[in-house]
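Protein chains: 2
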Amino acid sequence: MSVAAKYYPDEPTAPVVKVTEIPGPESKKAIASLGEVFDTRPVYFVADYEKSLGNYIADVDGNVYLDLYAQIASIALGYNNPALIEAAKSPEMIRALIERPALGNFPGKDFEGIVKNVLKAAPKGQDKLWSGLSGADANELAFKAAFMWYQAKKRGYNTEFTTEENESTMKNASPGSPDLAVISFKRAFHGRLFASASVTASKPVHKIDLPSFKWPKAEFPSYKYPLEDNTEYNASEDARCLKIVEDLIKTWHIPVAALIIEPIQSEGGDNHASAAFFQGLRDITLKHGVVFIVDEVQTGVGATGSLWAHEHFNITPAPDLVTFSKKFQSAGYFFHDPEFIPNIAYRQFNTWCGDPAHMIIAGAIAKEVADNGLVAKAAEVGDYLYGKLFELSKKFPQHIQNLRGKGRATFIAWDLASPELRNTLLFKLKQNGVNCGGCAEVSVRLRPTLTFEKKHADIFLDVLEKVLADL
Amino acid sequence: MSVAAKYYPDEPTAPVVKVTEIPGPESKKAIASLGEVFDTRPVYFVADYEKSLGNYIADVDGNVYLDLYAQIASIALGYNNPALIEAAKSPEMIRALIERPALGNFPGKDFEGIVKNVLKAAPKGQDKLWSGLSGADANELAFKAAFMWYQAKKRGYNTEFTTEENESTMKNASPGSPDLAVISFKRAFHGRLFASASVTASKPVHKIDLPSFKWPKAEFPSYKYPLEDNTEYNASEDARCLKIVEDLIKTWHIPVAALIIEPIQSEGGDNHASAAFFQGLRDITLKHGVVFIVDEVQTGVGATGSLWAHEHFNITPAPDLVTFSKKFQSAGYFFHDPEFIPNIAYRQFNTWCGDPAHMIIAGAIAKEVADNGLVAKAAEVGDYLYGKLFELSKKFPQHIQNLRGKGRATFIAWDLASPELRNTLLFKLKQNGVNCGGCAEVSVRLRPTLTFEKKHADIFLDVLEKVLADL
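So the protein lines, in turn, are chains W and R. For the first sequence, position 182 (counting from the first letter as 1) is numbered 182 according to our numbering, and the numbering increases by one without interruption. For the second sequence, position 378 (counting from the first letter as 1) is numbered 378 according to our numbering, and the numbering increases by one without interruption.
It should be emphasised that the hints constitute simulated quantities derived from the structure, not laboratory data.
Put simply, identical chains are the same to the list, so a pair is met inside one copy or across any two.
Derived pair list, reagent style DSS-like, types lysine-lysine, alpha-carbon separation capped at 27 Å: (1) LYS455 with LYS51; (2) LYS214 with LYS153; (3) LYS28 with LYS116; (4) LYS18 with LYS466; (5) LYS18 with LYS109; (6) LYS203 with LYS171.
Sequences and hints are given; from them, build the entire structure.
Encoded structure:
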């Protein structure tokens with residue numbers, strides 16, 4: 001049976017287009033009023049979440065869009081999901097909201113269950129977690145764990161800090177505050193705080209005017225498509241990029257303590273790399289004692305047809321730290337090696353140490369995903385959608401270039417010929433009742449929920465074909 | 001009428017001590033079990049939030065503590081507050097939880113009201129906000145706003161970025177990623193991410209092994225107590241410290257773009273400074289074009305007898321950015337100058353841009369604080385409590401040294417003669433049914449809720465006197 005039909009018996013059967021000026025007049029009024037106190041320039045439209053249902057998001061002008069953007073890839077199951085409503089109404093949730101605990105000092109008796117429910121969806125090989133508040137926060141918490149682990153390898157896990165270390169760190173000086181780097185990749189996106197922005201390299205707007213750590217950027221493979229026609233070129237591209245990574249680790253002016261990578265570079269353009277490339281990174285990081293961090297903030301929770309995208313690659317041994325956020329509605333990192341728990345208490349610590357309210361939602365999402373086989377269903381609908389898009393790309397080769405995401409469920413993207421064309425396409429899709437997002441400069445990225453089914457795909461494909469014909 | 005009695009007709013009338021081994025056997029079991037998947041070494045006890053009420057926190061062993069620590073200064077009204085329960089059950093809350101929006105792109109129609117309810121409690125002179133997720137996040141978001149403002153002053157607010165800036169920032173190099181500093185103070189605490197840890201200087205454990213920005217630390221005044229007997233010395237201490245600040249701004253090897261300070265250094269020892277010192281900082285920052293950021297994460301929301309602690313100082317003109325978190329159960333910064341909104345969209349941006357669920361709680365707290373006059377009430381009970389502690393300090397001068405917080409409501413602290421004595425005092429208070437926290441090395445800090453009344457103060461004072469007599 002259709003899971004969408006089970007969850008959302010009243011889900012709309014098609015988009016509703018009330019106004020084609022977007023944002024519409026009601027949205028514009030609301031944007032102006034909110035804009036007196038909050039930066040509203042990036043607002044597409046003001047949503048009516050009460051009227052949003054399943055795969056459809058409503059706005060205050062009465063438009064109802066089929067949503068393939070899903071809050072920048074952050075809605076796992078759809079709007080007004082009955083299982084999440086139940087979780088949100090639970091006494092456990094009310095406690096988590098009104099008595100938000102300092103989880104490190106005074107966890108409530110509920111907290112063990114909350115953590116273990118999230119861990120039921122942990123990536124293969126991971127069995128512990130540390131919780132944070134956003135994707136950027138999760139990555140920076142992972143960096144902290146990585147730097148402490150890296151220094152412990154040099155110092156000895158149980159060796160006490162020296163007086164010199166204790167005194168120098170209070171002045172932001174080495175050896176207590178050592179000069180260490182995290183290596184990342186060109187076109188990567190890992191967040192927009194200061195350390196996370198230092199490993200981000202997808203767009204200048206994320207970074208300009210911010211002081212940054214002088215950390216190196218390796219090259220992420222740029223494959224030729226279709227993959228099956230370019231195996232030799234793409235294998236040499238893997239080798240070229242792996243060599244750059246290892247060279248940077250060996251030669252960078254400060255030690256490289258960790259490497260962070262997305263299984264698919266998402267914000268930076270849906271750039272894919274092979275299982276061999278990821279295994280190569282694992283081998284290099286092991287060889288040089290570099291912590292291997294996989295950022296699953298956008299790719300995680302079933303979106304690519306496995307629960308965690310890096311599981312497609314069967315990386316052995318498993319990554320050291322795997323970060324999550326977005327579709328899990330909460331954030332943090334998974335790990336397995338107990339030495340990633342720093343040697344003494346209060347080193348990885350802060351007032352809240354995460355947020356049990358959103359972790360309850362994560363647990364409920366994990367349960368629904370497992371109970372309803374949503375990962376396999378997403379893979380199935382993704383195969384269907386990819387196939388149809390591949391056909392469309394034959395009809396509109398100028399507007400569907402470098403189609404990618406085959407075998408990655410609905411995590412699909414393609415390029416247009418220019419940023420202007422891409423933006424026009426996204427706008428016309430909205431005018432025809434489909435909410436879609438872009439990434440990098442010329443790409444369209446599809447990020448529907450896990451309850452996006454063949455019937456939704458057909459509506460999307462019809463609208464897309466119509467819009468492409470007019471582009 | 002007692003607000004505590006109105007909110008909590010069944011509030012305990014005294015602590016309950018079931019076990020004096022803390023954590024007790026049930027807590028120990030729960031800690032061991034949670035410890036398989038989560039770092040539990042800093043846990044004092046496992047709480048039973050269902051059984052906690054008002055100013056009393058229960059643990060799983062049946063102990064019920066009068067709580068003067070309140071989740072590291074984060075509970076504004078008390079446990080199981082009926083107004084917050086109502087907010088937590090509202091349809092608006094359920095929507096905020098299950099359809100967590102990308103607030104920058106698709107805010108819901110509720111969001112304007114949510115923001116404006118928080119702004120009703122904004123500090124004097126502030127009328128806009130940007131929302132984040134924690135105190136550290138709030139401070140780092142404020143740094144981003146400050147750096148963008150600082151560079152805009154040099155470049156021109158509406159001047160486009162140069163090609164060189166756009167290209168260099170992608171390599172973490174200047175001029176796109178400029179070397180700029182934030183000046184802070186020795187003993188300060190502003191959070192534990194990488195930029196926030198770089199301005200933190202209270203304890204090595206917060207910072208060691210983390211790479212940091214090479215940012216300067218000025219000196220925070222160290223006053224002699226009682227203040228009224230040391231006015232001349234303390235004024236010269238203000239002058240000495242202000243000179244250091246200005247010298248560092250003028251001579252630091254990279255430009256200082258912003259200054260961040262707590263109205264009372266909290267984690268670092270409850271260190272106070274005068275209104276004249278804060279006005280001196282405002283004058284210096286204006287003179288040198290440095291952004292003035294006040295970190296009200298721990299001091300805000302009524303705890304010091306004014307809604308925001310820096311309002312005691314009547315700083316003119318108002319600070320540029322004021323950060324909040326903790327007692328507001330949500331986080332962000334307030335501001336007034338529209339030029340702190342960066343020149344183009346998407347520069348201050350991320351997926352969630354805050355959290356409407358916890359902002360709903362903040363709005364409900366703000367309303368209760370205003371409707372019940374809780375700031376004035378906290379000031380009144382604080383005066384009573386300070387007076388009684390001052391009397392006790394005559395009886396136990398070795399155990400109550402440098403009593404501070406007069407005229408700052410219940411935001412009171414004092415020193416013991418050694419870290420060991422301080423820790424023993426805190427432990428014995430727990431064994432006698434009072435939960436209290438420390439700060440710095442030898443200080444006790446009181447951080448009760450805003451519904452902590454004379455009757456609670458009397459219970460605390462009785463237990464304290466008994467414990468001090470045995471110390």
